[in-house]
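Chain A is already provided as a structure; the job is to place chain B on it using the hints.
Line by line, the protein sequences give chains A and B. Just so we're aligned, residue 1 is where the first sequence starts under our numbering, counting upward by one. Just so we're aligned, residue 1 is where the second sequence starts under our numbering, counting upward by one.
The set of hints was computed from the structure by calculation and includes no laboratory data. Glycine is no exception: its CB is placed at the ideal position from the N, C-alpha and C atoms. Take these hints with a grain of salt, some might be off.
[As the list claims (entries may be wrong)] Pulled a few chain B residues facing chain A out of the computed Cβ check, cut under 10 Å: (1) I7; (2) E14; (3) F36; (4) Y161; (5) L162; (6) L227; (7) L234; (8) R235; (9) R239; (10) R243; (11) H273; (12) L274; (13) A279; (14) T280; (15) F282; (16) I289.
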Amino acid sequence: MGTIIRHRKIVSNSWRRLKPAADGSAPPVPGSGDIIVPLALWLAQRDKLLLRPGRLGVWLGGDDEPALIAEDLKNFGVVAVSFTRFTDGRGYSLGRLLRERYGWRGELRAIGDVLRDQLFYLAGCGFDTFELRADQDPQAALSAFGDFSEAYQSSAERPLPLFRRRFLASPDGMEWS
Amino acid sequence: MYVYDEIDQRLVDERVAQYRDQTRRFLAGKISEDDFRPLRLQNGLYIQRHAPMLRVAIPYGLLSSRQVRALADIARTWDRGYGHFSTRQNIQFNWPRLEDVPEILAKLATVQMHAIQTSGNCIRNTTTDHFAGIAPDEIVDPLVWCEIIRQWSAFHPEFAYLPRKFKIAVSGSEQDRAAVQVHDIGLQARQDAAGHVGFRVLAGGGLGRTPIIGVAVREFLPWQHLLTYLDAILRVYNRHGRRDNKYKARIKILVKELTPEAFRRQVEEEWAHLKDGPATLFTEEVRRIERRFTRPRYLKLGALAPGYAMALASDKAFANWVRRNVHAHRIAGYAAVTLSLKKTGVPPGDATAEQMDAVADLADRYSFGELRVSHEQNLILADVRQGDLHALWQDAKALGLATPNIGLITNIIACPGGDFCSLANAKSIPVAEAIQRRFDDLDYQHDIGELDLNISGCMNSCGHHHIGHIGILGVDKQGAEFYQISIGGAQGNGASLGKVIGPSVSQAEVPDVIEKLIETYLARRDSEEERFIDVVRRIGIGPFKEHVYGNYHQTQKNSQQQLAAA
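Chain B extracted, bound-state conformation:
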């Protein structure tokens, strides 16, 4: 964990006091609704369908057990006993009262947490890989760089009123696990030929209404220049991004309208003035930040814990869980574990206060008191001894957190959708549940193999449907909730955007359509090794479309004929 110093803490405390006063003035009628809106948004507070929604930042996804217990307390005291982990390493509470929010923020500040800039047209919470710091293939520890960016972006005086929201993601390795290509700025660590460390800088990626893969603004930026370069990009965007149309205000539109070449030129021109200026980083500062992170005290363990191999061989359910939910660690004898928040029947990403407390206990018992939140809306214990895996599995099972579905079809990413969100065209949660029920059979899921299924309730794409192998988007069709299905999207290094397979379908039809897609895949795959996404890439969307709509149109025709005959 990064441990605040006196100034970090003071700034967060001062923010609470500032917002407390703003809320007081708003409630006293001294600030209008319009003037208050950006203030509350930049403190994480939305007005939602049922009540305000408070989005709390989990910087780069890292949480201590103490912080998780505080979140559980907040859920119990000011909410209805649960929270929702979003796809951007935030947690959202759906039922707080506007007048209670200053108190909630004060409570968060006592555990070094905040809701600063989690909404509004400003630089949002910087996200990274949920295996940051423990993955075997890292060039830099992205947690350190995310914290450097957190400090740079928090209360940045120049960039609080951008044309639109602005999201930055950092990947510490060449292998991208932070979706850097679909962020306003994506930073990917790399080394140049001489072994110097720096970043590949991408800009203008994003999902939403106009999904687009970011363009490389710079192939290699030495780390010392990170902040001045970010200042340059943000300044070009702040000055020239469109403000006349909310839907054209993201940086991706500016990059597109200027052309990537012209955008790059403007950034470089701006940077020429800022380069080597006071915001240039130096080794001592990076080391200072590094040292403020507490690190697990790993034991020297053998590569294979005694008993572990036997448990794997003798317990098929455990082996299944290990295969899906346990991940490699750079330290011998340790592993990372995903606790699935995707149990069938539970809205994806939701956790109750009791589960949060229990997870905090698991973190204390098995993983140095820390856990992570993934953009796939699961929780991760990052530093578990191999010899403890079996015991952890049993404990997690008892809590309903051991569904062995990571990477499988039921590990659905979904936004809160029309049940909660006032922007949504359609519901997401019941659709996710219907699909989970259809594919609940674990053997079937494992047979289907790796598959990312993502659901967004509207074009804002909070459920990242564009980069799901199967993506489902809620649309409004003459006042009715319909769903547009796309296939072929992917996250990571080979990121791609899904293609829509045809006309949207009703909620009841969604599981059938998904089943048809899976049938097509199973029939056409070369072997079990060939994943759904590989088959889509090899044969195109045609055969899938045909299987879905061929029958679909036939069914429609049949039922119309039956109706006509009746």
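Isolated chain A (complex conformation):
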């Protein structure tokens, strides 16, 4: 199972991720243990999965529509977003939608081609848990969260953009910094 970064700490991963078989068919569902299933499997076997012992998570690919699970979020212990390649930035938007539009407050996990040098932006989009690509050094990656000490835009940690926080700190328009 390996280790993951959760809330900026290295912890062991207790979740098993199910992937569709090479021919695209649904993977077999193990009888026990915590699993993260692909969206298609959730949509197809929802009732069966809910009856199963063990916790349940779901993962979305870049072209999946998060609105499809908006009403189901209470059933999940983890929502994960898969990056097939780190340069495919769709997952950043999915992260923000899950957090800001659909109100997901639980674990939001980045999986797949997840590298140290993208962690800061991923965290800004609401991801709090990271399954790094196998060749990445999790210990060394932790420093990436400190790449920048501020951000102009709103982010998961700082829901108000810099200009709004600045104004609240000094509404008379005087310089705040």
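Chain B only, in chain A's frame:
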């Protein structure tokens, strides 16, 4: 100039430290070539034909003399003594070493400059009109809005890995001088019937392989909603833009494939969720940004400086230069001046370190220590007293920067082309030079009148050939460099895309073809008032084509016959 505050500076410094560490890890073999590429690109570093190329942002084209001197220092220390001003208000250095780039970025940060997001599939440097803030017809000062967009786009966590590059341009007036119609997003300031200020929002314009004029997504967006609306457009694009084919990944393809109506609907639906959210702007923030700009302290001057009229009347060369290179200013007694980087024999947009230092001195002496970079690859002193124009002209002449060719055929826009760029099919610089030599006679140039001639070395269209009155595109024809000529393109409010006149021609033939186009124009124009582009629009490309290829085919036939007879 916009003056950084403590946080602006800290973020730029932190970016330098981040990239320094990334470069170190790359050189130590801890980051692969593939994983490093997007990181270096988003710090402006390309790998080019000869060496890496570093593209430095000149946000909205504004530079202080201190910054220009720093650029000159960089050219001297890490490059071969010159830089190239591009068509997107950037400066490019063609010879830095990859391992020196963190040091160059650190040097830039000391003068509040950076290379953040000047390349890669992210939101690029936002550009505007080079007369921003001084043009008489402005509704808003686009510099302020560009800086607001710069802050919003810099390190935007959601939009760093878009399907493709993304370019935004802002025009502060109804008259478009920022090419807003050929950008991924174009923003044009306007006022509604009640006098409220906002923007017309265009999206999906662009040049490149599939040139297209942007569609209006919204006719009027109140300014408060600018950032949430940009977020909405970018999110729709980030999620649904094509990622399977690099050539179909720009937003213009998404707009086209969805249809403008469906695209607009998706943006509006997305925006409905974001509207009035935390990124909604308010007056105090706009005023805060405004106040961080230093402004020239203009003197109260008469409308006409003493001696100026006399100099105009008595010195024809000066008058010529004023006619072409001096522009109106909203403050009485002041003018804007274009220093031409299009002297014949010099690659368009290139400036040496010595010229940069000298231009910085001119800016200090004549224009409140500031200058601008235009998308036509020239430098502009925006706030010159009319009474100083003659002295400035003499100084500029001595530096080779007073060629009176702004708006004329030799003011060629050209990308670096095959001499430098690994994407290019063909060279641009020697073609530009051959045309400049052919039309070097100033009286002839002035007789031809207003004409934009733009050259791109390949379909990526960095030289904006589609919107040149005459456009030249380098193409690869079975391994040989050929040039496709188009006419009828135009920038600005009446923007249009040029039409190809016929089969491509060899490099040696280009000046002849251009000459033929000019001959046709001169023969068919109604009067001197009718510009080249007007004639093309009136009579179509037919007569031009006929004059070029009629003779061309005849010549080819003749030479073939001569060969056959020999």
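Hint check results:
Annotation: interface hint on I7 of chain B holds; nearest CB of chain A at approximately 5 Å, less than 10 Å. The beta carbon of E14 of chain B is positioned within 10 Å of a beta carbon in chain A (closest approach about 5 Å), and the interface hint is therefore held. Here the hint on F36 of chain B is kept, as its CB sits about 9 Å from the closest CB of chain A, short of 10 Å. Checking Y161 of chain B against chain A by beta carbon gives a least distance of about 3 Å; that is within 10 Å, so the hint holds.
About 6 Å separates the beta-carbon of L162 of chain B from the nearest beta-carbon of chain A, less than 10 Å, and the hint is met. The interface hint given for L227 of chain B is met, as the beta carbon of that residue sits about 8 Å from the closest beta carbon of chain A, less than 10 Å. The beta carbon of L234 of chain B comes within 9 Å of a beta carbon in chain A, closer than 10 Å, and the hint placing it at the interface holds. A least Cβ separation of about 5 Å between R235 of chain B and chain A falls short of the 10 Å threshold, and the interface hint therefore holds.
For R239 of chain B, the interface hint holds, since its Cβ comes within 10 Å of a Cβ in chain A; the closest pair sits about 5 Å apart. Against a cut-off of 10 Å between C-beta atoms, the interface hint on R243 of chain B holds, since the closest Cβ of chain A lies about 6 Å away. Satisfaction of the interface hint for H273 of chain B is found here, the shortest Cβ-Cβ separation to chain A being roughly 6 Å, below the 10 Å cut-off. For the restraint placing L274 of chain B at the interface with chain A, the shortest Cβ-Cβ distance is roughly 9 Å, inside the 10 Å limit, so the hint holds.
Taking 10 Å as the C-beta contact cut-off toward chain A, the hint placing A279 of chain B at the interface holds, the least distance being around 5 Å. Interface restraint check: T280 of chain B against chain A, minimum CB-CB distance 9 Å, threshold 10 Å, status holds. For F282 of chain B, the interface hint holds, the least distance from its beta-carbon to any beta-carbon of chain A being 7 Å, beneath 10 Å. Taking 10 Å as the C-beta contact cut-off toward chain A, the hint placing I289 of chain B at the interface holds, the least distance being around 9 Å.
Hint violations for this structure: none, all hints satisfied.
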